[in-house]
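Use these hints to put chain B onto chain A, whose structure you have.
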Amino acid sequence: DMQMTQSPSSLSASVGDRVTITCRASQNIDIYLNWYQQKPGKAPKLLIYAMSTLQSGVPSRFRGSGSGTDFTLTISDLQPEDFAVYYCQQSYILPKTFGQGTKVEIK
Amino acid sequence: EVQLLESGGGLVQPGGSLRLSCAASGFTFSNYAMSWVRQAPGKEPEWVSAISASDGRTYYIDSVKGRFTISRDNSKNTLYLQMGSLRADDTAVYYCARFIGGTSYDPFDIWGQGTLVTVSS
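Sequences listed follow chains A and B, in order. If you want this note's numbering, it's the 1-based position in the first sequence plus 62. If you want this note's numbering, it's the 1-based position in the second sequence plus 10.
It is worth saying that the hints were derived from the structure and are not from the lab. Just so you know, these numbers come straight off a predicted model, no measurement behind them. Beta carbons: idealized from backbone N, C-alpha and C, even for Gly. It cannot be assumed that every hint is accurate.
[Stated by the list, open to error] Here are some of the chain B residues that sit facing chain A, going by a computed Cβ distance under 7 angstroms:
#1 Glu54
#2 Pro55
#3 Trp57
#4 Tyr69
#5 Ile71
#6 Tyr105
#7 Asp119
#8 Gly124
Next up, chain A with everything else stripped away, as it sits in the complex:
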C-alpha cells in the first residue's frame, strides 16, 4: 500500500502565524494529493484536492503545493477556527491512504 507520512505530528502556533505541514508519499502520486481538516467529534472536511485546487467555500489562506512525492499545506494568517487536525490523503491508487495527521494547537 502507498504510505503517506506527515510532519510534524503536532505543532503550536498563534493566531496570525503562517503554518506549513508536509506530506510525503512512498511512491509518485502525480498531483493526486488531498488535504482534510478534522475537528473533534466531526467528520473530516475537504480543503484542497488535486494538490492545489481549493474546495468551494474554503478560505484562500489555505494553499496546497508540491508534486510527485512531496507536498505541502500552508495556512497563512492562522485563525482561531483553524486549530484542528489536518490529514493528507492520496487518491492516486487503491487503497486511498491517509497520513497520520498533524494537530495544530494554540500556543
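Then chain B, alone, in the frame of chain A:
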C-alpha cells in the same frame, strides 16, 4: 442541502454481523460513486470500500475482503455496508463519503456524521 446520514452502528460481539446504512439527500445519488471510510479512536481515517455510481463495481481494502459487502439502492438513495466476522480491530466510527466527481482520482467532498461500531465481548 447536500447530506449523508449513517445509521446502524452499535455494540456487537466478535464474530458477529452488522449492517450500516447511509441515506443521501440533496443531490442525485445515482450520479456519484460512494465510499465507506472508518476511523478508529485516535487514529487517521482508513478507506474501507467503494462502489461505482451505476454499474455496481466494488472495491475493498484487503483487511475486509470476504467479510464486508458494499451495496447501494439508487431508488432509495441509500448506501449499505454489510459487515460480518467482525473483529476487535474493526472498532471505529464509520463514515459514508461521496466522491467529488466521476474519476478514480477523486477525493471525498461530502461526509456523513459517522456511526460508531464497537466490537467487544
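Hint check:
1. Restraint check, Glu54/B versus chain A: the minimum CB separation of about 4 angstroms is within 7 angstroms; hint holds.
2. For the restraint placing Pro55/B at the interface with chain A, the shortest Cβ-Cβ distance is roughly 5 angstroms, inside the 7 angstroms limit, so the hint holds.
3. Interface restraint check: Trp57/B against chain A, minimum CB-CB distance 4 angstroms, threshold 7 angstroms, status holds.
4. Hint status for Tyr69/B relative to chain A: holds, with the closest Cβ pair at about 6 angstroms, below 7 angstroms.
5. For Ile71/B, the interface hint holds, the least distance from its beta-carbon to any beta-carbon of chain A being 5 angstroms, beneath 7 angstroms.
6. Interface restraint check for Tyr105/B: the shortest CB-CB distance to chain A comes to about 5 angstroms, inside 7 angstroms, so the restraint holds.
7. A cut of 7 angstroms between beta carbons decides the hint on Asp119/B: the least distance to chain A is about 5 angstroms, and the hint holds.
8. At its closest, the beta carbon of Gly124/B sits 6 angstroms from a beta carbon of chain A; the interface hint therefore holds under the 7 angstroms criterion.
Every hint from the earlier list agrees with this structure, and none is contradicted.
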